[in-house]
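Visitor: Here's the letter readout for the chains.
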Amino acid sequence: MCLAVPSLIKSICSQTAEVELSGITRKVSVVLTPEVKVGDYVLVHAGYSISVIDEIEAQETIKMIGDMLKDD
Amino acid sequence: MIRFLDEYRNPELARQLVERIRDRPIEGLRFMEFCGGHTAAIMKHGLRQLLYPKVELLSGPGCPVCVTAISDLDKAIALAREPEIIVATFGDMLKVPGSYSSLQKTRAEGGDVRVVYSPLDALEIAQRNPEKSVVFIGIGFETTAPAIAASLLDAKNQGVTNFFLLSLHKLCPPVIKVLLDSGEIKIDGIICPGHVSVIIGSHPYEFIPRDYGIACVIAGFEPLDILLAIDMLVGQNERAQPEVEIAYRRGVTSDGNTQAKRIMEQVFKVDEADWRGIGIVAESGLRLREEYQAFNAESTFPVELPPALEPKGCLCGEILRGVMTPLDCKLFGKSCTPEYPVGPCMVSSEGTCAAYFLYGDNHGR
Ligand code: SF4
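If you're matching them up, the sequences are chains D and W in order.
Position one of the first sequence corresponds to residue 1 (this note's numbering), numbered consecutively onward.
Position one of the second sequence corresponds to residue 1 (this note's numbering), numbered consecutively onward.
It is possible that some hints are incorrect.
Said to hold, decoys possible - Keeping only pairs whose Cα atoms sit at most 27 Å apart, straight-line, the calculated BS3-like set for lysine-lysine is: (1) D:Lys27 - W:Lys156; (2) W:Lys105 - W:Lys334; (3) D:Lys27 - W:Lys132; (4) D:Lys27 - W:Lys261; (5) D:Lys70 - W:Lys54; (6) D:Lys63 - W:Lys44; (7) W:Lys95 - W:Lys105; (8) W:Lys54 - D:Lys63; (9) W:Lys261 - D:Lys37; (10) D:Lys10 - W:Lys261.
Said to hold, decoys possible - Here are a few chain W residues that sit away from chain D, every Cβ distance over 12 Å (derived from the structure): (11) Gly46; (12) Lys54; (13) Ser99; (14) Gly279.
What the hints assert, rightly or not - Derived DEER-like restraints, expressed as beta-carbon distance ranges: (15) W:Glu339 - D:Ile56: 42 to 52 Å; (16) D:Glu60 - W:Lys186: 29 to 39 Å; (17) W:Asp211 - D:Cys13: 42 to 52 Å; (18) W:Glu124 - D:Lys63: 36 to 46 Å; (19) W:Ile280 - D:Pro34: 34 to 44 Å; (20) W:Glu243 - D:Thr25: 39 to 49 Å.
These are calculated hints, taken from the structure and not from any lab test.
All C-beta atoms in this analysis are idealised placements derived from N, C-alpha and C, irrespective of residue type, glycine included.
Starting from the given sequences, assemble the full structure and let the hints guide the process.
Guide: See the structure below:
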């Protein structure tokens with residue numbers, strides 16, 4: 001139920017954005033993430049974008065896992 | 001390649017992380033994954049079996065459909081029987097057996113029940129059917145409540161008067177406290193819910209390490225996310241330094257989503273809630289504020305209900321509290337299957353029984 005999938009913001013018009021997920025376009029409300037920009041990835045839940053994915057943190061986490069495994 | 005999914009599904013890194021956890025000197029740790037989404041992912045990828053007995057994973061009450069009190073479900077079903085009402089609900093609620101019927105059966109008997117993906121879809125149904133009243137069954141945790149609140153703001157701004165909410169929303173930190181206070185479970189760490197934390201951040205869990213000495217890590221939902229969180233929980237136990245860490249930094253900040261919290265607080269106030277298998281928990285639910293009472297389905301359409309009846313032999317309550325597993329239930333896989341579910345834990349894709357049934361687990365204890 002708390003599922004939220006990363007989706008790419010294609011366009012924004014007022015509080016509604018078009019997002020793409022696996023080739024499918026759908027409309028979501030961005031009222032909960034006013035900072036969102038075209039080209040961002042957001043987590044979409046129940047028709048609302050609930051978080052803008054932090055790309056730097058996303059890379060950092062993968063790098064951290066890699067470093068952790070190297071140290072073993 | 002799907003961004004932010006495939007990287008976190010790398011099978012080689014996952015294998016190495018499993019090895020790393022299995023090679024740790026510490027033995028027999030028990031962690032609870034609060035969220036049903038985590039339960040489903042853990043079972044799907046066989047992580048429970050891979051990590052046992054080094055780490056034992058225990059499912060918690062984090063499935064909104066499963067923790068909906070049967071009397072509240074009966075209410076939703078009774079509303080669906082009213083000819084002037086359209087009930088709109090997330091799909092998972094449809095098949096859950098109430099005391100006497102289900103939303104699905106009620107629909108087959110002529111009740112107007114519509115499955116929606118978003119509260120905005122329900123609002124649209126209301127706008128298209130001005131002669132009817134649309135009741136949205138508001139289930140879900142902190143992840144979902146801001147979206148519902150935002151849809152009510154929309155309804156208010158647009159002057160929609162035939163849209164109503166049955167607010168059954170629940171809040172996670174208070175119920176974690178109740179589980180820990182009950183003394184029924186002994187755990188060394190909690191995998192905290194990722195998308196609830198997107199909204200609430202990490203601060204609301206701080207009482208757990210502070211007052212109970214239990215490790216907490218907020219996790220995402222891909223295999224590497226979950227394994228990283230488990231590795232961090234093991235680390236906290238090794239160091240004997242419980243704290244709240246975030247293993248899902250691409251989605252979660254310590255403060256959470258302040259805009260979402262603001263909208264949620266604008267529409268709802270905190271109140272007690274009735275949890276299936278757990279009972280009434282203080283300050284664990286959301287009620288509509290005074291200014292939004294016009295949307296209150298409960299007060300607008302009062303229904304008389306016969307006493308609620310829990311399904312005989314179903315252990316969902318115990319499973320939600322983490323004191324039993326589906327394998328303890330005599331009905332599991334026999335008279336209770338996803339096709340013919342007896343209890344809610346077998347219906348929802350995030351229910352513990354459904355996850356055990358779909359992905360099989362005979363060694364996970
Ligand atoms: S297997 Fe079915 S009857 Fe048993 S606890 Fe799970 S949902 Fe209830």
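Visitor: Run every hint past the structure and note whether it holds.
Guide: Evaluated hints:
1. Taking the CA atoms of D:Lys27 and W:Lys156, the gap is about 21 Å. The hint holds against a cut of 27 Å.
2. The hinted pair formed by W:Lys105 and W:Lys334 meets the criterion: a straight-line CA distance of about 22 Å does not exceed 27 Å.
3. In summary, the hint linking D:Lys27 to W:Lys132 is supported, as the alpha carbons are separated by about 26 Å, within the 27 Å threshold.
4. For the hint linking D:Lys27 to W:Lys261, the alpha-carbon distance of about 22 Å falls within 27 Å, and the restraint holds.
5. Restraint check for D:Lys70 and W:Lys54: satisfied, since their Cα atoms lie roughly 22 Å apart, inside the 27 Å limit.
6. As the CA atoms of D:Lys63 and W:Lys44 are separated by approximately 25 Å, the hinted pair is consistent with the 27 Å bound.
7. Our distance criterion of 27 Å between C-alpha atoms is met by W:Lys95 and W:Lys105, whose separation comes to about 8 Å.
8. A distance of roughly 25 Å separates the Cα atoms of W:Lys54 and D:Lys63; the hinted pair therefore holds under the 27 Å criterion.
9. Proposed proximity of W:Lys261 and D:Lys37 is supported: the alpha carbons are some 21 Å apart, at most 27 Å.
10. Distance check on the hinted pair: D:Lys10 and W:Lys261 sit about 26 Å apart at the alpha-carbon level, within 27 Å; holds.
11. With a least beta-carbon separation of about 19 Å from chain D, W:Gly46 lies farther than 12 Å from that chain, consistent with its non-interface assignment.
12. No Cβ of chain D comes within 12 Å of the Cβ of W:Lys54; the nearest lies about 15 Å off, and the non-interface call holds.
13. Against chain D, the non-interface label of W:Ser99 holds: every CB pair exceeds 12 Å, the least being about 22 Å.
14. Separation of W:Gly279 from chain D is adequate, the least Cβ-Cβ distance of about 21 Å exceeding the 12 Å criterion.
15. At about 45 Å, the beta-carbon gap between W:Glu339 and D:Ile56 stays in the expected band of 42 to 52 Å.
16. Distance hint check for D:Glu60 and W:Lys186: the Cβ-Cβ separation is about 34 Å, which falls inside the suggested range of 29 to 39 Å.
17. At about 47 Å, the beta-carbon gap between W:Asp211 and D:Cys13 stays in the expected band of 42 to 52 Å.
18. In this structure, W:Glu124 and D:Lys63 meet the distance hint of 36 to 46 Å, their C-beta atoms being roughly 43 Å apart.
19. Checked against the hint of 34 to 44 Å, the C-beta distance between W:Ile280 and D:Pro34 comes to roughly 36 Å, which is consistent with it.
20. Our hint of 39 to 49 Å for W:Glu243 and D:Thr25 holds, since their Cβ atoms are close to 42 Å apart.
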